[in-house]
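With chain L's structure known, arrange chain U on it following the hints.
Residues per chain, in single letters:
Number of protein chains: 2
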Amino acid sequence: MSGARQVDRPQDGHRVRVRRLGVDTQFEPVVFMHKECAVCRSEGFVAHNRLLLRAGERHVIATLYQVTNDLIAHDEAALSESAWSRLELNDGDTIAISHPDPLISLSHVRGRIYGNELSDRALLSVTSDIVEGKYSDIHLSSFITACAARPLDHDEVLGLTKAMVEVGDRLSWNAEVVLDKHSVGGLPGNRTTPIIVPIIAALGLTMPKTSSRAITSPAGTADTMETMAPVDLAIADIHRVVEGEGGCVVWGGAIRLSPADDILIRIERALDLDSEGQMIASVLSKKIAAGSTHLILDMPVGRTAKVRSREAADALSAGLIAVADAFGIKAKVIPGDGTEPIGRGIGPALEAHDVLAILQCWPSAPRDLRDRAVALAGALIELGGLAEHGRGAAMAARTLDDGRAWAKFQRICEAQGGMRTPPVSSHRQPLASVRTGRVVSIDNRKIAKLAKLAGAPEAKAAGLELHVKPGAAVSIGQPLCTVHAEARGELAYAMDYAAVNPDIITVQER
Amino acid sequence: MSGARQVDRPQDGHRVRVRRLGVDTQFEPVVFMHKECAVCRSEGFVAHNRLLLRAGERHVIATLYQVTNDLIAHDEAALSESAWSRLELNDGDTIAISHPDPLISLSHVRGRIYGNELSDRALLSVTSDIVEGKYSDIHLSSFITACAARPLDHDEVLGLTKAMVEVGDRLSWNAEVVLDKHSVGGLPGNRTTPIIVPIIAALGLTMPKTSSRAITSPAGTADTMETMAPVDLAIADIHRVVEGEGGCVVWGGAIRLSPADDILIRIERALDLDSEGQMIASVLSKKIAAGSTHLILDMPVGRTAKVRSREAADALSAGLIAVADAFGIKAKVIPGDGTEPIGRGIGPALEAHDVLAILQCWPSAPRDLRDRAVALAGALIELGGLAEHGRGAAMAARTLDDGRAWAKFQRICEAQGGMRTPPVSSHRQPLASVRTGRVVSIDNRKIAKLAKLAGAPEAKAAGLELHVKPGAAVSIGQPLCTVHAEARGELAYAMDYAAVNPDIITVQER
Chain L
1 MSGARQVDRP QDGHRVRVRR LGVDTQFEPV VFMHKECAVC RSEGFVAHNR
51 LLLRAGERHV IATLYQVTND LIAHDEAALS ESAWSRLELN DGDTIAISHP
101 DPLISLSHVR GRIYGNELSD RALLSVTSDI VEGKYSDIHL SSFITACAAR
151 PLDHDEVLGL TKAMVEVGDR LSWNAEVVLD KHSVGGLPGN RTTPIIVPII
201 AALGLTMPKT SSRAITSPAG TADTMETMAP VDLAIADIHR VVEGEGGCVV
251 WGGAIRLSPA DDILIRIERA LDLDSEGQMI ASVLSKKIAA GSTHLILDMP
301 VGRTAKVRSR EAADALSAGL IAVADAFGIK AKVIPGDGTE PIGRGIGPAL
351 EAHDVLAILQ CWPSAPRDLR DRAVALAGAL IELGGLAEHG RGAAMAARTL
401 DDGRAWAKFQ RICEAQGGMR TPPVSSHRQP LASVRTGRVV SIDNRKIAKL
451 AKLAGAPEAK AAGLELHVKP GAAVSIGQPL CTVHAEARGE LAYAMDYAAV
501 NPDIITVQER
Chain U
1001 MSGARQVDRP QDGHRVRVRR LGVDTQFEPV VFMHKECAVC RSEGFVAHNR
1051 LLLRAGERHV IATLYQVTND LIAHDEAALS ESAWSRLELN DGDTIAISHP
1101 DPLISLSHVR GRIYGNELSD RALLSVTSDI VEGKYSDIHL SSFITACAAR
1151 PLDHDEVLGL TKAMVEVGDR LSWNAEVVLD KHSVGGLPGN RTTPIIVPII
1201 AALGLTMPKT SSRAITSPAG TADTMETMAP VDLAIADIHR VVEGEGGCVV
1251 WGGAIRLSPA DDILIRIERA LDLDSEGQMI ASVLSKKIAA GSTHLILDMP
1301 VGRTAKVRSR EAADALSAGL IAVADAFGIK AKVIPGDGTE PIGRGIGPAL
1351 EAHDVLAILQ CWPSAPRDLR DRAVALAGAL IELGGLAEHG RGAAMAARTL
1401 DDGRAWAKFQ RICEAQGGMR TPPVSSHRQP LASVRTGRVV SIDNRKIAKL
1451 AKLAGAPEAK AAGLELHVKP GAAVSIGQPL CTVHAEARGE LAYAMDYAAV
1501 NPDIITVQER
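Chains L and U supply the protein sequences, listed in that same order.
Counting in the working numbering, the first sequence runs from 1 upward without gaps.
Counting in the working numbering, the second sequence runs from 1001 upward without gaps.
A hint or two may mislead.
[Unchecked claim] Okay, the calculated beta carbon distance ranges per label pair: (1) 1391/U / 132/L: 53 to 63 Å; (2) 1470/U / 314/L: 53 to 63 Å; (3) 1309/U / 85/L: 49 to 59 Å; (4) 151/L / 1076/U: 42 to 52 Å; (5) 74/L / 1091/U: 56 to 66 Å; (6) 1243/U / 15/L: 17 to 27 Å; (7) 1477/U / 155/L: 46 to 56 Å; (8) 503/L / 1330/U: 24 to 34 Å; (9) 74/L / 1426/U: 17 to 27 Å; (10) 471/L / 1017/U: 49 to 59 Å; (11) 1475/U / 12/L: 35 to 45 Å; (12) 1110/U / 85/L: 30 to 40 Å.
[Unchecked claim] Derived contacts from chain L toward chain U, CB cut-off under 7 Å, selection only: (13) 24; (14) 26; (15) 58; (16) 61; (17) 65; (18) 67; (19) 263; (20) 267; (21) 440; (22) 443; (23) 455; (24) 493.
Simulated from the structure, these hints should not be mistaken for laboratory data.
We put the beta carbon where it would ideally sit given N, CA and C, even for glycine.
Here chain L stands alone, though its shape is the one from the complex (with noise of 0.2 Å):
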């Protein structure tokens, strides 16, 4: 059986020189090889193998994909830019291609299909795999739906949070508080993060808030603040930036906190799911990696929230705060008011007007915005200690008052690379009401995805902008939003989801 090494196959590897072909695939690296090629025919490779590609100490798995003419010639591999960044080459390189090892952690994927619990060890083989690129898109979308369809358990859900801290960096801070902070999504237009960074900071806090982009919805708080400063920083620049001003709003997925989060937001944006022992793992494995100490959880609960009714919060809540006191980090939920949008912009830049106009203190700035900010920004300094019970939220709201806190955000995009005007939108289009009565309903799953459609959050200046808030009186002919985009396709797209779901903004006649 010791034989097999002796028939040619190079220890490491075929080696072919490689070619930066110009093809964006995204997130997921290609390679094109000539199907007549040595390599190929040796190997016995076809299409869609999955290929291990290294270049030095670097290495990547990609998807082959074969050509029959000659765009390739035989003795090349050509990589799609994914890849060509990911093995940091130049034009003439050589690369060594070979099988990559069986995926052995699949089998406990299987296992949990079947009902069988994952342990700590087999979690974090998943999880160390999904990290090295070994899972395609089919593998990932199993893993995902198995842990939904029956739900992780307490110990499932410890084991992988700390498995998913594991594969990524961690992040320390010389200050015995760190302040975190996180929204339990769902609720259109909820972006109070780069309010109350500058507000805790502004006070002497640390808050080192590393943020995530959209999952299902129209924008994270990544790509809201990536409007108005830049948020890929290296773990050094957070640094600096946080020694110097206490506060940061980063992008978390630059700096490898919890990669393995990051490929599974993928799946499970194109799924539209996220169950709940995913979502605590994905949550708290950012915490913990991240150094936080202290956490306020911001959960509203709205029939089209993502937390639906009180018993599912409280569900939730005890389930977040369970797994964070057995990482010891002190996590309180602040519930709230999730059956309508907050504030008025829905999509990264029209959000991030609606931030800076609290800041700025204008009058006609979003109210239940400010008054959200400025309660979760309460509860934090009451947890950080710096006000007894009650008396945080005050204190808040003079930090921004005052303009402390906005002297403060300004002084956090400065160091983070710089301030941003967020863009603006090049076509619009007023949803107007079909009736003259009253505001009965605004259905916050279908107000995303119209938001979405409109090109949010991939296209930043896209969304929707709302005219009315549930109970306003509106006449017929009255625009209830004007939907953004930076495309005449994508505003037409979203014209038809409106054109079709007349319930998304629902008007009563009196």
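For chain U alone, coordinates are given in the frame of chain L:
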């Protein structure tokens, strides 16, 4: 809201000129466009978006990759081979490109994950969208995993079976009794179909057999048969073969009998997973669509077979028979010994060699495979009313012994397009016993894995040849089996696996 169409998006999408890029992406249709072209900019398309491509009456949903150099001009789209052939294009043709409709049926998959039952209507809409190519790998994998983690109930299996039949073509025959046979796989080498069909057809009964390719095994019947005759026949050709010869062994996938099944099988293979409900729907949708009236189910039972215990066999049998009955098919399950592989060869061509040896009545032909084929043919003869209970097997054996089955097999192969000689491997290596003693067990799963690593079923000549059976006395250094491959890399890959898995064939000292 009605003004949406007035923004200048063409009613049916953007028309662009197409070019054949010569890239083989297998089943996945891919469209390459320039990142800065007018269509991508105006529609907001980004890489990995799924786009609807239309050409005349034909359409396909393709994955977008974007090119950033002059590989693709701004006014053209380049297509992968799969997209090109499905749209039946010529160079210079134009196609219309647009966003596909939102994937509404995915809400049924999400509901299923959260515990809702799938109605007939929901299953039909999911299945239709799958066949239309609207489900990405992420969506397909989630659907399959959801149906495995919370098993489908009887009504759901009926609904899925019905939906899978409905979205494909159906065959009908001028015969009152149309016999069929299915093996609930998992037993390497159990290739009885090409032996059974000529026996049955030689006796004047009708057996139009549509077989599948391998799901998780090293060879499906279609893979094996293809090494002896063409199997991808059109419906008219199948009718011609069966009318002339009374039987055929063709690939069901070539004729859109339950086309959803072929798509799901690819995902199940990647996950190495088939759940009971999916398996029942998969098996029976093919049989219903094939117009079968009487069905024998071969079910090997053993610790390392697909069905591991008598209890599991009973449950699966009950499910299969109940669903078959609901569709008017008389089904009978024949359990068998699944503790060890059957026959000698494992892999398409190696199994074909066993089949030919039995049909040609060589004394050296594997006895266990012949016995199993005779038993199943006997059960079919009885089910078809040609022999009384207990007399079928003897009739089947006579048909083999006097050469009628072999003569019929040759005529069937000729009618299918001409008999072929199975290919022979170019690379081989024996696996030698590490001690003197007795063979105590052969692990079906590991044997199958070994054959797959050697290249089966894609490499037709790859797989392995067993030289021993459990109970055999062997000496140290004696070959237990020989691994066959078509490529050196694959041979090495298989031998690496064998080196770290000493229990593929276990030999104990006496």
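Now the hints, each set against the structure:
One distance hint, 53 to 63 Å for the beta-carbon pair residue 1391/U and residue 132/L, holds here, with the actual separation near 60 Å. Hint check: residue 1470/U to residue 314/L, Cβ distance near 58 Å, so the stated range 53 to 63 Å holds. At roughly 51 Å, the beta carbons of residue 1309/U and residue 85/L sit within the given window of 49 to 59 Å. Distance hint check: the CB atoms of residue 151/L and residue 1076/U are about 49 Å apart, consistent with the given range 42 to 52 Å.
Restraint check, residue 74/L to residue 1091/U: a C-beta distance of roughly 24 Å breaks the suggested window 56 to 66 Å. Judged by the Cβ atoms, the range 17 to 27 Å given for residue 1243/U and residue 15/L is violated: they are separated by roughly 57 Å. In this structure the supplied range 46 to 56 Å holds for residue 1477/U paired with residue 155/L, their Cβ-Cβ distance being about 49 Å. Look at residue 503/L against residue 1330/U: about 50 Å separates their beta carbons, and that is not inside 24 to 34 Å.
Between residue 74/L and residue 1426/U the Cβ separation comes to about 20 Å, which falls inside the hinted range of 17 to 27 Å. Distance hint check: the CB atoms of residue 471/L and residue 1017/U are about 54 Å apart, consistent with the given range 49 to 59 Å. Look at residue 1475/U against residue 12/L: about 37 Å separates their beta carbons, and that is inside 35 to 45 Å. With their beta carbons about 34 Å apart, residue 1110/U and residue 85/L fall inside the hinted range of 30 to 40 Å.
Nearest Cβ of chain U to the Cβ of residue 24/L: about 4 Å, under the 7 Å cut. The hint holds. Interface restraint check: residue 26/L against chain U, minimum CB-CB distance 4 Å, threshold 7 Å, status holds. For residue 58/L, the interface hint is violated, since its Cβ never comes within 7 Å of a Cβ in chain U; the closest pair sits about 22 Å apart. At a threshold of 7 Å, the smallest CB-CB gap from residue 61/L to chain U is about 14 Å, leaving the interface hint violated.
For residue 65/L, the interface hint holds, since its Cβ comes within 7 Å of a Cβ in chain U; the closest pair sits about 5 Å apart. The interface hint given for residue 67/L is met, as the beta carbon of that residue sits about 5 Å from the closest beta carbon of chain U, less than 7 Å. Checking residue 263/L against chain U by beta carbon gives a least distance of about 12 Å; that is not within 7 Å, so the hint is violated. Among the interface hints, the one on residue 267/L holds; its C-beta lies about 6 Å from the nearest C-beta in chain U, closer than the 7 Å criterion.
Taken as an interface hint, residue 440/L does not check out: its beta carbon lies about 19 Å from the nearest beta carbon of chain U, beyond 7 Å. Annotation: residue 443/L was flagged as interfacial toward chain U, and the flag is violated, the nearest CB pair being 15 Å apart, outside 7 Å. Interface hint at residue 455/L: satisfied, since its Cβ lies 5 Å from the closest Cβ of chain U, which is below the 7 Å cut-off. This hint holds: residue 493/L has a C-beta 6 Å from the nearest C-beta of chain U, less than the 7 Å allowed.
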